[in-house]
Structures are given as C-alpha cells and as structure tokens.
Amino acid sequence: MMGEVHSHLEENIRPYIDLIDTLRSVGIQKDLALPTIVVIGDQSSGKSSVLEALSGVALPRGKGIVTRCPLELRLKKVTGVNWKAVLTYCKKKTDLWIQHQLHKISKTASQNELAGKGVGISDDLITLEVMSPDVCDLTLIDLPGIARVPLKGQPEDIGEQIKRLIIKFIEKQETINLVVVPCNIDIATTEALKMAQEVDPEGKRTVAILTKPDLIDKGTEKSVLAIVHNEVIPLCKGYTMVKCRGQQQIDDDISLEQATQIERDFFQNHDYFRCLLKEDKATIKCLAIKLTQELVDHIKKSLPHLDEQIKKHLWDKRNELKECEGGPPQDPKGAKQFLTQTLKRFSDQITSLSSGELILEENLFAQLRAEFKEWNDQLSRSKTSFSDSKAVSQENRGRELPGFSNYKVFETVLQKHVAKLNKPANDLLRGMKDIILEHLLDVVNHCFRNYSVLKNITVSKINNILSGQQEKAEQRISEQFKMENLIYTQDPIFLKILSEIGNEQFSKKQLPMFDKKLQRMADQLPMMISLFMLKETAEVLSTDILGLLDGANVSELLFEDSDVSKRRKDLRDHLDRLTGSVD
149 MMGEVHSHLE
159 ENIRPYIDLI
169 DTLRSVGIQK
179 DLALPTIVVI
189 GDQSSGKSSV
199 LEALSGVALP
209 RGKGIVTRCP
219 LELRLKKVTG
229 VNWKAVLTYC
239 KKKTDLWIQH
249 QLHKISKTAS
259 QNELAGKGVG
269 ISDDLITLEV
279 MSPDVCDLTL
289 IDLPGIARVP
299 LKGQPEDIGE
309 QIKRLIIKFI
319 EKQETINLVV
329 VPCNIDIATT
339 EALKMAQEVD
349 PEGKRTVAIL
359 TKPDLIDKGT
369 EKSVLAIVHN
379 EVIPLCKGYT
389 MVKCRGQQQI
399 DDDISLEQAT
409 QIERDFFQNH
419 DYFRCLLKED
429 KATIKCLAIK
439 LTQELVDHIK
449 KSLPHLDEQI
459 KKHLWDKRNE
469 LKECEGGPPQ
479 DPKGAKQFLT
489 QTLKRFSDQI
499 TSLSSGELIL
509 EENLFAQLRA
519 EFKEWNDQLS
529 RSKTSFSDSK
539 AVSQENRGRE
549 LPGFSNYKVF
559 ETVLQKHVAK
569 LNKPANDLLR
579 GMKDIILEHL
589 LDVVNHCFRN
599 YSVLKNITVS
609 KINNILSGQQ
619 EKAEQRISEQ
629 FKMENLIYTQ
639 DPIFLKILSE
649 IGNEQFSKKQ
659 LPMFDKKLQR
669 MADQLPMMIS
679 LFMLKETAEV
689 LSTDILGLLD
699 GANVSELLFE
709 DSDVSKRRKD
719 LRDHLDRLTG
729 SVD
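Read in order, the letters of the sequence shown are residues 149 to 731 in this note's numbering.
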C-alpha cells in the first residue's frame with residue numbers, strides 16, 4: 149500500500165523517529181516530555197479505522213471502550229521482511245508473524261493485564277511495532293475514545309478518567325494532537341476537538357482528520373469542504389479527509405489493499421471532494437506523508453531543547469544520588485568509622501555556619517544583619533518621642549534657673565524611655581532564634597537526611613540547647629536594662645559630646661545621655677545575642693554531637709528509613725534512563 153511513500157526521504161526520516169522511539173524504550177518519557185503524535189477522538193469517531201489503514205493491522209473494534217490503554221504504534225518501513233510485529237507490555241515481548249494474531253493478543257492479554265479484566269483503563273503503555281515494506285515511517289500513540297455515558301459495568305466517572313488520561317498527553321507542548329472527527333456530525337460539538345483547543349487555543353500543534361465522508365447528508369458537502377479548507381475552525385497544520393473500511397466492508401472481507409483503492413476511487417468520482425486529491429488533503433496515503441513530515445519536523449525543532457534537558461537532569465540526578473549513595477558499611481568497624489566521619493562533618497559544618505563560612509540555602513549573616521538594622525532603626529525612631537522630654541522637665545521645674553534641670557526628673561524620664569525598649573529587644577532575640585534554628589535544621593537535613601534516628605536526636609538537642617541559650621540571653625538582656633537604669637557615662641565622654649553639639653542646641657533638642665545609651669544598646673544587644681544564640685549554641689551542639697560516639701549504638705544511629713532506600717533505587721533507575729538516552 150505504501151511502498152512508494154517518500155522513499156527518497158527515508159534516510160533522513162528514520163533516524164529521527166528511531167531516536168525518539170529509543171528514548172521512549174528506555175523510559176525517558178517518565179522524566180521528560182518527548183515529541184510525539186497523539187491520536188484522540190470521540191468513541192466511534194473512526195480512530196481504529198484510520199490507524200489500521202496506516203499500519204496495515206486489523207485493530208480491535210467494537211462498542212464501548214475498545215482502546216483501554218495508550219497504544220504506541222511504531223510503523224517501520226523495511227525491506228526483506230514481508231510483515232512482522234512485536235507487541236510489548238509489562239516488559240513482555242511477543243513476536244507476531246501473522247497479522248490476524250494481533251487482534252486476539254492485543255484485545256485480551258495485554259489490555260487485561262494492564263487495565264484489569266472488564267472495562268477499566270490504564271496509563272501504562274502498550275507498544276506495537278510493525279515492520280513491513282508497505283507501511284510508512286511513523287510513530288503514533290492512540291488513546292481511549294472519549295466516553296460520554298458509562299456503559300454497563302463501567303465506573304460512573306469513566307468519562308472523567310479518560311479525559312484526565314488524554315489531557316496528561318495532549319497538554320504537553322512537545323505533543324502534536326491528531327484529532328479524529330467524523331464528517332457527518334457538527335465539528336464544533338466534537339469533544340476531542342474541544343479538548344485540543346483548550347490546550348492548544350491557537351491550533352499550532354493540532355492536526356485534524358475528517359472520517360466517514362460517505363455518510364454525510366446531501367447538501368452539506370460545501371460546509372464540509374469549508375472545514376477541510378480551514379475556513380471554519382482554523383488549524384495551523386490543517387485537515388485531511390480519509391475514507392476507511394466500514395464495518396460492512398470488514399464483514400465482506402474487503403482487504404486493506406482493496407480499501408485503499410476504493411478510497412481513491414471515492415474521491416476521484418466525488419463531485420465536491422475530488423479537488424482534495426489535487427490539494428493533497430485526502431486519502432490515507434496523503435495523511436501518512438503529512439504526519440511523517442510533521443513528526444520529523446517537530447522532532448528536529450525539539451532536539452536542542454531535549455538534549456539540554458537530558459544533560460541538566462543527568463547532572464541533577466547524579467548530584468542527588470551522591471547524597472544518598474552507598475550508605476554505611478555493613479561491618480561494625482567500618483560502620484563506626486562511617487559514623488565518626490558523618491558526625492565530624494556535621495560538627496565542622498556547624499562551626500563553619502557560626503563563623504559565616506557556610507551557606508546552604510540563604511546567607512545566615514545577611515539575615516541577621518537585617519534584624520540588627522531593624523533594631524538600630526527602632527532605637528533611632530525612639531529619639532523622636534524622647535526629644536519631647538524637655539517639656540516634661542520644664543513642667544517639673546522647681547527652684548532651678550533656666551538652663552538647669554532637676555536631676556531626679558531627668559533620670560525618671562530617661563529610665564521610662566529606656567524601659568520601652570525592653571520588648572523590642574526581646575523581639576529581636578526571638579527573631580534571631582528563629583533564623584538560627586532554620587539554618588541549623590538545614591545543616592541537619594544536609595548531613596543526616598538518610599538517618600532518621602540521628603536526625604531526630606540532633607533536632608531534639610538543637611531545640612534544648614537553643615531554649616537554654618535563650619534563657620541565658622534573656623537574663624543577660626534583663627541585666628543590661630537594669631544597668632541602663634544607672635544613668636552613667638565617663639565625664640570626659642559626656643563633656644566631649646556637649647562641646648560638640650553646643651549648649652544652645654542641647655537645650656533645644658538633644659539629650660546626649662540618651663544618645664549614648666542607644667549607641668550602647670545598638671551594638672551590645674546584637675553582640676550579646678550572637679554570642680549566646682549562635683556562637684555558644686554551635687559550640688555546645690558540636691560537643692554534644694561528637695559525644696554520641698561514646699558508647700554509641702552505631703547500627704541504631706545509622707538506621708535508614710525504607711523511603712531512603714526506595715529513593716536511592718528510584719534515583720538509580722532515573723539515572724539509568726538518562727544515561728541510556730545519551731549513549
């Protein structure tokens with residue numbers, strides 16, 4: 149049937165299609181979207197007829213859901229082989245040398261094994277590879293027909309199940325959507341075309357096939373022709389009309405070869421549709437050439453991005469695997485040494501974190517500086533309210549001459565304003581504690597990701613140590629505020645400030661004693677909190693963690709969750725697929 153189809157292009161076509169088929173064979177589609185053509189259509193739209201005409205294989209037909217799993221149909225034009233097919237599912241391969249065998253096997257064993265007996269559907273792929281001199285070079289994925297009403301034995305949500313499966317394939321930008329639509333229905337109401345439009349509103353990656361042209365009502369031919377000419381629902385890749393075998397022709401044992409000639413005669417003799425032959429918009433042969441070229445062009449455009457994605461995924465998965473690869477040795481001595489190295493690495497990273505040398509997610513000291521700046525800004529804002537204290541002092545003036553102040557009044561006003569800073573100081577402490585805790589936990593997850601017992605012990609230690617250090621810091625802050633109630637600074641310092649600002653300015657706005665206190669607190673509280681909450685916490689934590697080596701139950705501390713081993717296996721499988729794709 150297709151012996152002469154683009155034979156001059158075979159050398160340029162086959163390598164591209166083989167490349168994508170090989171990538172799918174190693175399972176790369178589980179990780180990356182591959183360029184492909186997906187066939188969708190409403191039930192009884194003629195999908196199976198189109199596919200069997202393209203492949204030369206009599207696929208299953210019937211009422212209700214016939215295609216219950218995605219069927220990858222690989223067509224390979226080969227010489228020296230009359231006809232051969234290989235059916236693959238669940239890692240099983242069946243070689244077929246007689247075409248009628250396929251109907252029985254694909255309809256029963258493969259679909260039942262993947263989707264279960266009855267009417268269920270499955271996401272798992274069945275691959276049918278057909279090799280013959282009479283097929284085109286093409287790979288398609290056929291999806292279950294869209295069901296509107298559940299039949300007997302079908303789940304109530306069967307329609308939604310099928311739609312979810314279809315959307316999973318057609319929403320990918322790498323997919324060309326091949327929509328099968330009967331000519332004898334209103335194209336605008338076709339569910340398959342609606343779904344394609346939802347994921348491809350501009351019609352850039354949608355191709356439509358119009359089937360059953362012999363069943364249209366007389367008088368509607370021009371309307372159908374307008375659709376094929378892209379005048380009704382425009383698609384960048386256009387429409388092709390085909391006439392495949394009907395059920396009566398199958399019952400009459402009309403072969404696919406005969407059906408091909410019947411199809412050509414139909415268009416040549418049709419008053420309205422004969423023009424489509426000249427325009428290469430009709431017959432299975434024209435469709436095969438069009439689809440092959442569309443697929444190859446699509447693959448060519450996708451290859452640079454696909455190559456980039458594979459390399460990036462390969463790099464990422466190798467790094468992920470390094471983090472959970474190997475695991476502790478089985479022998480006690482090796483396991484103890486492994487535990488020592490693991491705990492020492494954690495201790496070193498905690499020390500590096502506290503000194504600002506380690507950055508895992510965010511920069512710890514950049515976050516702390518932001519907290520320190522907010523504290524300093526808050527102290528600066530407090531000066532505004534304190535500048536009004538002169539009025540308070542004037543109200544409480546006794547025998548003092550102008551320019552002199554009652555010291556007790558001055559002291560009381562100053563102490564009240566300092567006391568207002570107590571809450572912001574403790575807010576600063578809590579904010580720093582949260583930031584430091586987050587960074588410590590990042591180090592725990594980085595070093596002990598695979599060891600839940602060790603991880604839980606360390607997290608508990610961190611919480612206990614930070615709570616203890618917070619109490620110490622709170623006590624020290626309380627002492628600091630008590631000291632600030634003692635209005636004091638060295639006379640030379642105070643006099644120096646007075647001489648700098650001038651007595652006139654001092655009498656109007658500034659109180660240098662308050663400025664001096666703010667300057668002390670702006671520096672001392674961040675230093676104090678950093679010492680207790682970061683530096684000392686890191687020192688205590690490092691000592692406690694290394695102390696686990698004394699009398700340690702090594703096997704318990706290095707116990708791996710089953711999730712870890714599963715993740716390691718998944719990563720290795722993932723890496724094998726990616727490696728296989730670049731070999």
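These are calculated hints, taken from the structure and not from any lab test. Any given hint could turn out to be false.
[What the hints assert, rightly or not] Each pair of labels, with its calculated beta carbon distance range: (1) 342 - 578: 49 to 57 Å; (2) 593 - 570: 31 to 39 Å; (3) 504 - 704: 32 to 40 Å; (4) 578 - 687: 17 to 25 Å; (5) 692 - 167: 53 to 61 Å; (6) 504 - 174: 42 to 50 Å.
Even glycine gets a Cβ: it sits at the ideal position worked out from N, Cα and C.
Outcome of the hint check:
For the pair residue 342 and residue 578, the supplied restraint of 49 to 57 Å holds, since their beta-carbon distance comes to about 55 Å. A beta carbon spacing of about 35 Å between residue 593 and residue 570 agrees with the range 31 to 39 Å that was offered as a hint. Between residue 504 and residue 704 the Cβ separation comes to about 34 Å, which falls inside the hinted range of 32 to 40 Å. A hinted range of 17 to 25 Å for the beta carbons of residue 578 and residue 687 is consistent with their spacing of about 21 Å.
Between residue 692 and residue 167 the C-beta distance comes to about 56 Å, which sits within the given range of 53 to 61 Å. For residue 504 and residue 174, the Cβ-Cβ distance of about 45 Å falls inside the hinted range of 42 to 50 Å, so the restraint holds.
When the structure is compared with the earlier hints, no violation turns up for any of them.
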